[in-house]
Structures are given as structure tokens and as C-alpha cells.
Amino acid sequence: MGTPAFDEIMGPPEREGARGELVDLCHWLQATPAEELRRRQEAAETTFRQLGITFAVYGDSDASERIIPFDIVPRIFLAREWARLSEGLIQRVEAINAFLHDIYGERRILKEAVLPEDLILGNAQFRPEIAGIRPPHDVWAHICGIDLVRTGPDDFFVLEDNARTPSGVSYMLENREAMVRLCPELFSQFRVAAVDSYPDMLLETMRSVSPRGCGQNPTCVVLTPGHYNSAYYEHSFLADSMGVELVEAADLVVDDDVVYMRTIAGRVKVDVIYRRVDDDFLDPLVFRPDSMLGVPGLIAAYAAGNVAIINAPGNGIADDKAIYSYMPEIVRFYSGGEAKLPNVETWRCREPQALKYVLDHLDELVVKLVDGSGGYGMLVGPTASAAEIERFRAALVAEPHRYIAQPTLALSTVPTLADAGLAPRHVDFRPFVLTGSKGVKVVPGGLTRVALKEGSLVVNSSQGGGTKDSFVLMDDAKAMTQTMGGMTQSIGPDGMVQTLGGADLTREVR
Amino acid sequence: MLSRTAASLYWLGRYLERADFIARLVEATVRLDVLSSRPAGEAAWRSALAVTDTEAAFEASGAPLTREAVVGFLITDATHPGSIVRCLAAARDNARAVRTALSREAWSAINSAWLIFDRRVSPLDSVATLGLVDKVKAETRGFEGAVHRMLRNQTTLFIRLGQVIERADDTARLLDVKYHLLLPAGEPVGGTVDRDQWTTILQTVSAVTAYRWLYNDGLQPANVIDLLLSRTELPRSLAGSIDETVSILNALAKSLGGQGEADRMARGRHQRTLHTRTGDVIASGLHQHVEALITENDHLHAAIGRQFKFN
Amino acid sequence: MRLSIDHRTTYRFSEPQARVVQLLRMTPRNTHDQIVADWHIALDCDARITEGQDGFGNATTMLYIDGPVERIDLSVTGEVVTSHSDGVLHGTLEPLPARLFLRDTPMTRADAAITEFARDVLGEEPGTVAALHRLNRAVGERFTPARGRPEAGLAVADAFARETATARDLAHVFIAAARACGVPARYVSGYCDRHDGDRPAPHGWADAWIDGLGWVGFDPMLRLSPEEHHVRVAVGFDSVGASPVAGTRMGEGDECLDVAVNVTREG
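Top line first, the protein sequences correspond to chains L, R and U. Each residue of the first sequence is one higher than the one before, starting from 1 at the first, in UniProt numbering. Each residue of the second sequence is one higher than the one before, starting from 1 at the first, in UniProt numbering. Each residue of the third sequence is one higher than the one before, starting from 1 at the first, in UniProt numbering.
Keep in mind that the hints are not guaranteed to be accurate.
As the list claims (entries may be wrong) - Sample of chain U residues facing chain L (criterion: CB under 8 Å; computed from the structure):
| no. | residue |
| --- | --- |
| 1 | V21 |
| 2 | L43 |
| 3 | C45 |
| 4 | R103 |
| 5 | T105 |
| 6 | A246 |
| 7 | T248 |
| 8 | G251 |
Hint data in this document are derived by calculation from the structure and do not stem from the laboratory. All residues carry an ideal CB built from backbone N, CA and C; glycine is no exception.
My request is simple: use the sequences and hints to build the entire structure.
This is how it looks when you write it as C-alpha cells:
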């Protein structure tokens, strides 16, 4: 879309030279020949292929497995940027949990008319089947992936919430592995927050929400649709790195409202299930009577409080497109304050004034069907033909409640290795937020997706998107520093670093 | 361990072992055909099909009984389940289903073996065939190495159980198909063809050197039979496989704290092999003896499935 | 009125099943107009049985039966004391907002014909007692009562095109028509001692929401609101959601189902 965009390393379009804190990265990019970068990038991709970090492309006749392209140039968040983002993410995820708790319980938010009742009740993602069930420890959205876009140094916007089964965390971890191996020099230049504790954090989250009375050592499992699923690598990777069983529906049985897995030595009770299957395929007795998939009785066990399901069934109502535009209201309702992370500005065409604005500015806006998916039923004003615009105008007038509109954003860019050398490419970002019984944690990193085609804003892996590592700097310079004689004590985000009598003798205290 | 996981590990072991066996069989047959002083021709390739139980499938393909056709059929032909490529695909499929139970190294070996064949279409000459076969053998060796470096737990035990059950079946079939070469009726013994044939058999079970170590009096049919049938020192002998089956099942029983019908069956089989003399077997009929072993092995396979609730 | 209910369900499998898990919605709850005096669910085989409640407020029973199972005899017996209520519900457990029941399902999706029929009958003020009674009668009069068991999975649009209809199909037509005009409606499964079929079966009718009154029952088969002759057991978006049994089995072969219901008045 040609609009000059903010580059996360080089700064705003009008600026000469890199942003102050990132000069070192710029030097690294200049000092490392493109062929060398390309060699390293290919080495990383070879490793991914060998490890089988692949995804299946639906409808591909040769049924080949592909890897998602990896770009060697990292994307960097400064510590202060990250601190602000984290606050916003925690606030948003806490609101999502509070919303789910309310909407499947008292429904205060409807009674106080903060949200239109029909928006929830008429939405297929609101699952009356599980209304009234309280998940163990009242945690609903244990694992959230919040998709963000950026348009300037301090301008982050939430594009989408993922409160069902967000994927991509394995890429965050594998990309980091590759970067440490292939570009070790970057890690001595920058103090990058570690992401490799993610599996431990996830397991801790799972254990923390185990039903009461299952002891110190609850049995946790990852439930996958099976190894033909496109995200199977991630399912197995997570189970593997947590040291828990990876089960399929057929491995589980429910008896007397208790879930067991079938093992070579008989049945073993299961306490916490991290499921990577949709609600529809959890329990054929409750959700899809026509389906033979799923675990019959699972919802009965869940309702009886004998098993924790991560994320909770019914979460789709929190990350639905129709609900998205109300997230600022939802955050305000449950947190009592304004959303620290704003939404992308959204006009709800169900509201007459918004509709009027949208109809007057159709050539500038992106118009989306709230119940559409995968880019169907979408108008991109600036590139649409006059006929298309008129078709949408008619549709909007006929059924305004089915549409929302947003401005076309100039997404930030990051230098990326293209065929002709380094070039700016648009990116988005998915950080991962974990909620257990002891609170909310943001993993210092995430998945950066990059649109590899010049000018493209489409970052989806199925449509030519790739990934990058995402560095979160620990930013020593900003750490609290105290000098006492020859001894410096600084407290950084990851604990305490003690320096005795000089820089050589460094001991980390955690 | 999940029953489904155990089943996949077991099948993974069986398929990889079979892929490895076919690779060695093809390698030995190519040598027999090309390198021996008198080309062995059709008969050699027909017996390779017989050993792998793929004669009917090959006939159905309509291809002529030539080296190129049989080699392609046994290595890269994905249309029937008896080819290396299909065995590796099945092994990888099972490995994917139990990805979490394997070490990265073990998984990489299986994946690399599978990648050897990814999108390969060109026909194979002898050199290319041997090169390909070497790669398969190298990857399966890499896998065995990786398994040995994994924790000695139920995971490796089920893989090894699959391997030894498959190994017993493969060696038995090899003996059965080649028995008329080993026990020639009225033909001059010790001629060139026979030497090459016997060498082929020994190569297929990687036992050329072992034979020299164990027997000092040159290639003798009875000794070859004895080696394949009764010498526990040779891992690919029937006695070796039977012996190892018992110790693997014992280790599983120990870790699970209980035994079942497969344990009893395997121990019974082991007891009988201890009292079997090669001379008696040759006298009373090798074919019948080997056939009985194959059937018994099938029964043990089924008993393992029941005992560990594979289905 | 004191109603005695005897509901027997027999499953026969052509092959023994390794496992059967069933969710039953077969237990009526007390309301102002319906007191459950006595109620039993009995099985002829070993099973673990647990009680619960679903999101709609229905009482549920889970059955976990280990195989091999070739036959299951499920017997539900009890006595319920009912009183006259003009169809208006009092004291039912209502965990969900009424407007949720504007949602359609594959079995209750109105087509153009049903929508037109609904607009004709319900008129300008669809959500009133008078309009909904008109609809109840119109649905009942439109069809000849069908003999036999309802056809599994029959969508309401297809049912509407026929001349005969079962109690279930009539209720579906009523529900689809009411929702098409913006009136929340739901399916009720239960028992009734007045039946037009050749043999008694589990009965089904509809509830519609009337502002100011609340939920009101309508039985298009009888062309009346349910009174003391009806025993309410479960509600749902459609007959599948309110069905007495949802079950899964592990095993090959076919199943054959036999249902016998006997509802008698005890005076």
C-alpha cells in the first residue's frame, strides 16, 4: 500500500540512520555480508526441515509438508517498550478472564447494558451448554495470544485476541534456538531476555489450575487432534518439552465423571488437559452429537470439577470478531480504567453515526464482515474498484449490523533479507500471556510474522508470510543502579546482577 | 505409557527394521547379480521378491523381471507396502505420532531416512542403487545409535521389541526362500554360484566376517544354517532374536510389575530353541521347521498387541 | 392430577460393545405446578451413574457402562403430581436469558415457506398470548398426526412440506415460526397422558416467551397449552438438545432401539 511506514530499526521514514538504541544492530547488518546472512538463514531452515517443524498446506495435491520461511534479522523491543506492552497485555487478559467468568455466570455486563444482549446471545461462540460451569480456580483463558500491530515508536494496537488455542509458540522457541546458534555475536551485544523457560512456565500454569484434591503432582496432558493436524509439531514439541503425555481423544476415557488415559499398565487419572482441539470436538455428548470424535463424558467430568481444561470451553465468545470492537468497553467495565493497549479504531456499522461515517469514507477504510473469516467478505477501500465499493455500500445499507470498518494502517517494518538484499517488510506480533491461579505472566518474547512480499500486509504463513525472532532487551542502562565503593549492584528485570570490584568478576544471583 | 504410544513405537521398530532388511537384501542381490563371476540373473531377483513376500504385487505391476524393475519396485515404488520408501513412510508416520517419546536425534534419523526419498523419481542404475541403499543403512544405523543413547526405558524397549520380532520374521523368510540353495539336492556343492549365493545370504544378515570367526572350515551349508538358526552371538540369527525378545519382555515386565501371555509364549519359544540342534532340523526338514517359526512369531506378535492393549 | 410414568428403553447391539457412555435427560424437576413424588432410573447391567445439571438447567444423568455389552435395558419409572396452570410456567429453573432462544439450529431453521406462514398467522403483534395460540392451532390443524417414531434428523423445512407430522415435528414448526417473527421459543421433552398416536411415546411440545408473562407452553399436537396432563422433563433449542438420551458406544455393528412409554392417571 505504499504508505511510508515506521521502521522498527531505522526509525520513522523521514529519519536518517538507525534509532539510537539499535545502532549496534544496524552496524551488525552493515558488517555482515548479505551472502553470509543468507547462508545462516538457509542453515536455520535446513535444521527446521530436519526437525520436522513443518505445517501441512490444505488442498495441496502433493500433500507436501512445508516449513515456514525464517528471516535471520531479528526484531527488537526495548525494555521500556516491553514494560509498557506487558502492562497493557496483562490488563487485557485479566479483562478477558473476568468477561468469560461473568458471561457464563451472572452476566452483569449484559444486565448493565454495557454490551448489546443480542451480540452475545445470538453469537454461536456463546456456548449455553457450559453455562454455569465454573472452571477450577476460575481461570478461563490460561493461554492467550494477543495479535499486535505497530505504527510508530509508541503506537501499538491490538488487532485480534486469541483466547481459544493460540498457536505459534514453538516458532518463538525454535527461532531463538536458531539465532543463538547462528548469530551468537548478537547475544553478546544485546542482553536479550530468555524465552526458553516457556515450557516450565506453561507446566507451572497447568499445575496451578489443577482441581483441588489431586495432590502435589497432578497429571497433565496435551490433547492433540492427531499427527495429521497442521500444528502437530507444536503439540508434540510442547508435550515433549514439558515432559507430559501427548494424548489423542481415543487415549482418554471418562468413567464416573473422572478422566483417565489408557496406558499399557491400565488406566491413569488425568487432572489437567491442555487441549489443542476445538470445542466442537471435545465431547460428542454435548457439542456435536453427529461427531464420533472427542471424549464422551469429558464435559461431565469438567462440570463435576474433576478436570481442568485449558483453555476453557466456550472461550470463543471472548475473541470473536463481533466482540473485538467492544474490548475497550469490556476492559473498562472489569478493570475500572481505560485500556492501556488500544484497539485499532473500529466503526461498528450497527451504530447509525458510525455507518454514516463509513459510507462517506468507503474508499479509505477496510470493511469486514463480523462473522466472516479468512479475508472473505472484506473490502479494502484504497485498492477496491468502484463497482466493489458500490456493492459493499448496498450490503452495508441492507445489513449494517453485520459489518465493522477500520482504517488502513501503515504497519511498521523491519529490515528483512529479500532477494536483492535487506529491505523493509511489514510485520505483526503475537506475544503469549499465561494465566494461572497465581496471576498473569507475559513471556518476554513472542512470534513476529513478516510479510515477505514487498509492500504486502499479509503475514499469514499460508500466504507467503515468514517469521523472525523477537528480542526483548533487558536494557541494563535503565536498570536501577546503586554504587557503594567498588561494588555495583544493579537490579535488572531477570533478577540481580552483582559486580564485585570491576566488570570481570560477575556473578548472577537469582 | 499410553497404549497407543507403545503400539506406535513397536510398529516404528518393525518398519525400520524391515526397511533396513530390504536395503541389505537389495544390496546383496545387486552384488550377486553384477559382481559375481557368473551373473545370477532372474533367479536372484525372483528370490529377492520371494523373501520380501512381494511376488504377487510385482507380478500385478506388469514389469519385466529385470534388475532395474525389481530394484525400483523394492526401493522407491510407493504403490505397494513392501518397498523401502513405504516402510520408511510408515515408520515416520508412527514416529510422528510418538514424537514426544523420541529423542531429537532419533527423530532426525528417521526423518532424514524418509527425506532421502522425498520426491525422488529418476530410475536407478547400480551405482545409484548402492548409494541409496548405503544412505538408508546409514540412517537406520544412526537411529539404532540414537536409541541406544536414549533413556533405557519403556520407549526404547518397545522399539527394540518391534525390531526383534521383525528381525526373526525376516531371517526366517530369508532362510526359507534360500533353503534349497543351502541344501542342494543332487547338485555339486562348492561351485562358484553356490559360494556367491551363500555370500549373499551372509551379507543380508551382515554376517560374512562373523561366519569366518565362528567357523574355521570355509563355507559349508550346514554351518550357514547353524549360524542363522542357532547362534545367539549373531544378533540377526533366529536364536539371537528369540533370546533378545525374552530379555526385552522381561525388562518390560520388571518396569510394569507384571507379566502376561506374551511373556509366557516368548519364554516357551526360547526354551524350545535351546534344545534344537541344527543337525536334527536339517534331517527332519528345514522348511517345515522355519515355517513353524514364522507362524509362532506371528502368534507372539498378536499376543504382544493384546497384552499391551494396542487396540 | 397424579401421573404414573413407566418409560422403558432397550438397546440391542449386533456386536458386543467395548464401552457405552450415555447422557440422560430423563429426570423431571419440581416446579410450582409439578411435584416429583417418586423417580427411579434403573439399568439391568453394571454401570457407574452420576447426577448433574446442564447449561439449560436440565437434570442430567451420566451412565458409564463397561463392555462387553450386547443389550441395555433402561427403565425410568416414577410418579408426578401436576396442577392446572394455563400453560404459564412458574418456578422452573431458568439459568439462561429468554432471548438466547431466538437462535436457530439445523433442525429448526425456518425457510421462506415457514416464515411466510408465521407472518400470516402471527400478524402485527407476534409475541402475544392470542397470536401464539393462533399459531399453535394453525400448526396443529395443518398436519395429520403421524404414526410411528419421528424420522431422525428431519429438518423443519422438510417436515413443513409434508402432510403428516409427529409431535416433534409440530413442535419444531411452532418453534421455527415463532423465532422467525422474533419470539423466543424452545423445545420441551416430557410425557403426556393424552396421545393421538397408536402407542404412547415420549412427548414433545414447545415453550414461547411472552413479555410480561414469561415462558408459556404450547402443544400443537393437542392444539392447547399443556396443563395438568403434561410432565416437563427437559428443554433445549430443538429435540436433539432436549432429547432423553445422547449416547456413544465403542464397538462395531448396528444398534436397534425399542422404546415403550406408559403414562397412567392415578386419580
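In rising order, the numbers of the hints this structure does not comply with: Those not satisfied are hints 2, 3, 5 and 8.
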